[in-house]
Amino acid sequence: MTCCEGCRVAITDLGERFLALAGHVIVGDFPFIQEHAAKKIFDITFIEGTPILPEQIEEIKDIRKRSKILIPIGTCATLGGIQEIKNYRGDKAECLRYVYKNVDQIANPDIKPISAYVPVDYELTGCPINKEELLKFTKKLLVGDTPKIPQRPVCYECQLKENECLLQGGLPCLGPIILAGCGAPCPSVKYPCDGCRGPLQKVGQNFDNLKKILQGHGYNQREIEMILERFGTKDQINNKFKTQNANVKTTT
Amino acid sequence: MKIRIDHIAKIEGHGGFVGEIIKGDVVQARFMVNEGARLLEGILRDRHYEETSQIAARICGVCPVVHTLTSIKALEAAMGVEVGSETIFLRQLLMLGQLINSHALHLFFFSLADFFGIKDDLKLIKKYPAYTKDALAIREFGNMLVEKIGGRTIHPLAAEIGGFKKWPSKQILLKIKKEAEKVLPGAIRLGKLFAKLKYPDLQTNFNWASVTALNEYAIYDGAILWAGPQNEKTLPAAEFMETIKEFQVPENPQTKRSHVEEKPYLVGAIARLNNNADQLNPQAKAILDKAEISLPSENPTHNILGQAVEIVHCLEEIAGLINRYKNTDPDLAKNSPWKPRAGRGYGAMEAPRGTLLYYYETKENGDIKNCNIITPTAQNIARLEEDLKIWLPKLAKNTPKKREALIKMLVRAYDPCLTCATH
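As you go down the protein sequences, you meet chains A and B in turn. Each step along the first sequence adds one to the number in numbering that gives the first Met the number 0, with nothing skipped, and position 148 is 147. Each step along the second sequence adds one to the number in numbering that gives the first Met the number 0, with nothing skipped, and position 8 is 7.
Just chain A, with the same shape it has in the complex (with noise of 0.2 Å):
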């Protein structure tokens, strides 16, 4: 699918471990080291990016009925991406024709995750995925277990490595809402979470709070919006208070 490709680069970085984990199975179609695909039906699939031309749409459909397991990894195909900032904007047309003056026959969907077209099983965030937690969800997966991603905020990994808090400090660090694995690489060299792996399942409490602090740094209600919608997490959190809220509704 169309994205950076970063996290196919990360998958190569394991070096050694992946072609030791390739020597395991049967790698059935991966472009970065293979002129053809070696399988047509795969057992698992990890699929990066996000649909953007119509064949891709069409592809995932057909990527699906193809795979038992189908895993999309990174931030493009798991909550929209960076890519996604235009839906945010609401002048999607008009950002086409900023970049192009011929704009005929140019591709300019919504920007919408791989969920939104097909069904999925697991999902592996992050922009880019963590490498190390790729490796031990395949692991688990290809020994029969069901891997699953701890429901921890990036601030209980960023606390593990003894980082001074950001947010703290009155950085916009969206630490306390975001779903940690990835090792907190971001605060660790002081660049506040800006919340690249998506907000944790409950987000809860925790997001009204995020606010208030952020408010209380000066933080205006646009500039907290406009990092959350740097990979798609806006729209993700809002139907998660919606829904959260409709629950709170239901059973009070």
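Careful: at least some of the hints might be erroneous.
Claimed, not checked - Here are the computed lysine-lysine pairs in the DSS-like style, where the Cα-Cα straight-line distance is at most 25 Å:
| id | chain 1 | residue 1 | chain 2 | residue 2 |
| --- | --- | --- | --- | --- |
| 1 | A | Lys189 | A | Lys211 |
| 2 | B | Lys400 | B | Lys22 |
| 3 | A | Lys38 | B | Lys118 |
| 4 | B | Lys22 | B | Lys368 |
| 5 | B | Lys122 | A | Lys138 |
| 6 | B | Lys368 | A | Lys91 |
| 7 | A | Lys38 | B | Lys401 |
| 8 | B | Lys169 | B | Lys181 |
| 9 | B | Lys164 | A | Lys160 |
| 10 | B | Lys122 | B | Lys197 |
| 11 | B | Lys177 | B | Lys244 |
| 12 | B | Lys401 | A | Lys91 |
| 13 | B | Lys126 | B | Lys400 |
| 14 | B | Lys122 | A | Lys38 |
| 15 | A | Lys39 | B | Lys400 |
| 16 | B | Lys244 | B | Lys262 |
| 17 | A | Lys38 | B | Lys126 |
| 18 | B | Lys362 | A | Lys100 |
| 19 | B | Lys333 | B | Lys122 |
| 20 | B | Lys191 | B | Lys122 |
| 21 | A | Lys160 | B | Lys169 |
| 22 | B | Lys164 | A | Lys189 |
Keep in mind the hints are simulated off the structure, nothing from the lab.
We have chain A; now place chain B onto it with these hints.
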């Protein structure tokens, strides 16, 4: 005769080829990029200067370092930010890591198999375990460098406008130097292998462009030298970027092509060697001397050799650079003070695949008002199509299978990055 290749594997991104020869004349030779338009320039408008270069990095997962840094450099030019020598030093180091890790991936995993007629790298790896080890060690070294200084291998985070968010310690720099010295012999072995390969005879007649500088083999900074058999000129990056005419073709409208003075031109390792080979470090030069090519080369497949030479050059350069800066105390390194302001600025750098150019116009508050990004592959595609036109009649005698393999080989020699080309 119609030639159609739907999918060319082992390049960055998805692409194919469509060609047609009628009575010996090539009427069509189109490299078809099958990537969706992500509209990067459109989505960067109105974004905050702090996040702009991180969003831009996502153009490419293979060369995110150069996208971040060129974007930052253009923003600094737009807002009049002067950076200190420590900042430049670290950025130069990051760029050496970028060239090393990207070249290692392309040379060994994408292109080498073409020379042995192998279709699956897993077979290549079995046949050449020692070279595999060298290639992996070089790639891992490049990754380690980028991670230690940039905070992450893919989409590094530490560089920012005016300097760095976090400065590496002296110990880290010394470790990088030690590791560079350790992988250098492997890079030389690989370099010798690529110097011995037989490159297809595809002498064409083309113009090329790269960054050039008086005092070094230019990667991070310099003017643009646009040269060819008939003419040459050196221009500041800003002027060169304005000279480039980007255009669309109806068969593949989402991927722009580029001309300078109505002509296609080539960027990348061979363009850099053509312009700057006398500034290579000694061991890199020795490998180039072993190869039977003369410079300037107008054979695009020599790009592969050029990359192998550059890996050695970059590894030598790291040790030299860190030696020159060994008395720098990272604790004293400081970001330059600056304030957001309205302005216009250009940035150019040598990405692994050639000259990358960024332009930004900022608003009063530093947010992005206008921008343009011209990637190396967006410049190279028109040249590649021209080469295919020249090459197709020569290939006519081959079997269809052999012909297809040779077309793919030429495409891969360019090391095209289609995610960059379309963005």
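Now for the hints, and whether the structure bears them out:
{"no.": "1", "hint": "A:Lys189 - A:Lys211", "verdict": "holds (21 Å)"}
{"no.": "2", "hint": "B:Lys400 - B:Lys22", "verdict": "holds (21 Å)"}
{"no.": "3", "hint": "A:Lys38 - B:Lys118", "verdict": "holds (15 Å)"}
{"no.": "4", "hint": "B:Lys22 - B:Lys368", "verdict": "violated (51 Å)"}
{"no.": "5", "hint": "B:Lys122 - A:Lys138", "verdict": "holds (23 Å)"}
{"no.": "6", "hint": "B:Lys368 - A:Lys91", "verdict": "holds (17 Å)"}
{"no.": "7", "hint": "A:Lys38 - B:Lys401", "verdict": "holds (23 Å)"}
{"no.": "8", "hint": "B:Lys169 - B:Lys181", "verdict": "holds (19 Å)"}
{"no.": "9", "hint": "B:Lys164 - A:Lys160", "verdict": "holds (17 Å)"}
{"no.": "10", "hint": "B:Lys122 - B:Lys197", "verdict": "holds (21 Å)"}
{"no.": "11", "hint": "B:Lys177 - B:Lys244", "verdict": "violated (45 Å)"}
{"no.": "12", "hint": "B:Lys401 - A:Lys91", "verdict": "violated (44 Å)"}
{"no.": "13", "hint": "B:Lys126 - B:Lys400", "verdict": "holds (23 Å)"}
{"no.": "14", "hint": "B:Lys122 - A:Lys38", "verdict": "holds (16 Å)"}
{"no.": "15", "hint": "A:Lys39 - B:Lys400", "verdict": "holds (22 Å)"}
{"no.": "16", "hint": "B:Lys244 - B:Lys262", "verdict": "holds (10 Å)"}
{"no.": "17", "hint": "A:Lys38 - B:Lys126", "verdict": "holds (23 Å)"}
{"no.": "18", "hint": "B:Lys362 - A:Lys100", "verdict": "holds (24 Å)"}
{"no.": "19", "hint": "B:Lys333 - B:Lys122", "verdict": "violated (49 Å)"}
{"no.": "20", "hint": "B:Lys191 - B:Lys122", "verdict": "holds (21 Å)"}
{"no.": "21", "hint": "A:Lys160 - B:Lys169", "verdict": "holds (21 Å)"}
{"no.": "22", "hint": "B:Lys164 - A:Lys189", "verdict": "holds (6 Å)"}
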